[in-house]
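The numbering of the sequence shown is the working numbering, which starts it at 7 and goes up by one.
Check each hint, because a few of them may be wrong.
[Claimed, not checked] Straight-line alpha carbon distances no greater than 27 Å define the calculated BS3-like cross-link-like pairs of lysine-lysine that follow:
1) 48 to 298
2) 221 to 231
3) 221 to 300
4) 58 to 48
5) 48 to 381
6) 221 to 81
7) 52 to 221
8) 290 to 231
9) 81 to 48
[What the hints assert, rightly or not] Listed next, with one range per pair, are the computed distances between beta-carbon atoms:
10) 359 to 49: 36 to 46 Å
11) 133 to 20: 46 to 56 Å
12) 266 to 335: 37 to 47 Å
13) 332 to 27: 12 to 22 Å
14) 330 to 45: 37 to 47 Å
15) 19 to 49: 51 to 61 Å
16) 27 to 103: 45 to 55 Å
17) 43 to 335: 30 to 40 Å
18) 135 to 359: 43 to 53 Å
19) 19 to 362: 37 to 47 Å
The set of hints was computed from the structure by calculation and includes no laboratory data.
This one's a predicted model, so the numbers in the text were calculated from it and none came from an experiment.
Think of the CB as a built atom: it goes at the ideal place given N, C-alpha and C, for glycine as much as any other residue.
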Amino acid sequence: MLITISLHSVPDFIQLILLLYFLFSALYFLVFAIAGNFSYRKHFPKASKLNKIAVLIPAYREDAVILHTVRHALKLNYPGDLYDVIIAADHLQPETLQQLSETQAIVVELNLNQSSKAKALTETMQHLKGNHYDIAIVLDADNQTEPDFLLKINDAFQSGCRVIQAHRVAKNMNTNFAVLDAISEEVNNHLFRKAHRILGLPAILIGSGMAFPWKLFQQLISTAKTSFEDKEIEFMLLENGYDIDYLEDAYVYDEKVQNHQAFGRQRTRWIYSQIYFFRLYFMKSFPAFFKKNKRGLAFRSFSTALPPRVILLAVPFLMFILNLFFPTSLWLSLWGTTFLASLLTILLSTPKKFYNIQTIKALISLPLAFILMLKAIIFSGKAKKGFLHTGHTGAGMD
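Starting from the given sequences, assemble the full structure and let the hints guide the process.
As structure tokens, this is what we get:
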């Protein structure tokens with residue numbers, strides 16, 4: 007029996023378009039959510055050679071956290087003469103610069119007119135022309151790593167990896183928004199890094215905990231022109247057929263946003279970057295599907311058209327509730343299916359450690375997160391006008 011939806015009005019037609027978009031998005035994510043539950047953990051043999059590593063840390067007005075981050079980074083389990091901690095010190099206070107100068111870190115003082123990570127890193131690497139490194143690692147000013155982080159990166163490079171995204175996890179879960187942000191991070195790790203690798207696709211970069219061959223990173227960062235340099239670099243890599251590995255057992259601890267204001271600023275920047283790269287790359291996704299070394303670019307470009315997970319969860323739920331007042335069994339069934347697929351994606355992608363009372367309490371803030379995400383979509387153009395910096399407080403530091 008053929009099932010049809012009767013389109014008697016413009017609202018019905020609009021609802022059909024919305025339904026098709028959200029249903030396809032939900033099923034797309036569900037495929038990756040299922041795939042991510044298969045085993046994936048690369049173990050690399052202990053390398054016989056230790057590479058010279060540059061740990062690059064851009065710090066824009068990060069006086070509250072940078073000193074602690076540097077001291078932690080200088081204590082990693084790696085020979086001290088084979089790695090340098092390098093700070094791109096942009097608009098730091100004189101007292102902070104003085105304290106940093108007393109450490110073994112290399113401090114490059116910057117005072118950029120229009121600050122961005124790309125500009126800060128480019129300027130910093132210009133100051134390092136006389137230095138020789140094999141690997142460049144990028145961390146955020148609030149990041150801490152596990153003690154063996156550099157050893158794991160080195161082992162992976164010596165085993166043939168060229169571009170690596172480490173496993174970034176929450177350093178703090180002291181507020182409802184920090185918990186939601188921590189869950190979001192792990193859901194993204196599951197869908198866009200672990201599941202991508204299981205299905206033979208490049209992992210998606212996330213701005214910190216990234217490792218590159220030094221010369222390659224020099225070329226990439228000097229080309230990046232926007233305030234979302236990690237996405238620019240990622241698309242440049244994919245266009246040139248590079249693979250991106252994911253080290254699930256190499257941990258980087260990242261401070262999560264703690265209030266709705268920071269959440270809103272951060273998501274506004276993210277939404278604008280997604281729209282920006284959608285305009286640049288979405289149409290390129292279709293021909294790229296038919297080129298073996300460009301399938302990573304195809305899937306990544308295609309993903310720029312998909313909604314954020316909180317939107318994908320909330321809109322089908324609201325449409326299901328709305329259709330209860332205008333009951334049509336097929337509309338209800340399809341919106342219900344879309345919501346359940348979205349919910350199942352989140353459940354399958356969330357680590358078991360988050361199934362606790364703290365998470366249940368944090369769900370109280372989920373409606374506000376949805377409103378903030380809608381606001382971020384509507385006002386995403388603000389990110390074009392300037393660098394929307396998300397400051398850090400040092401929460402979760404040991």
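For a quick check of understanding: which of the numbered hints are violated here, in increasing order? Of the numbered hints, 5 and 10 do not hold.
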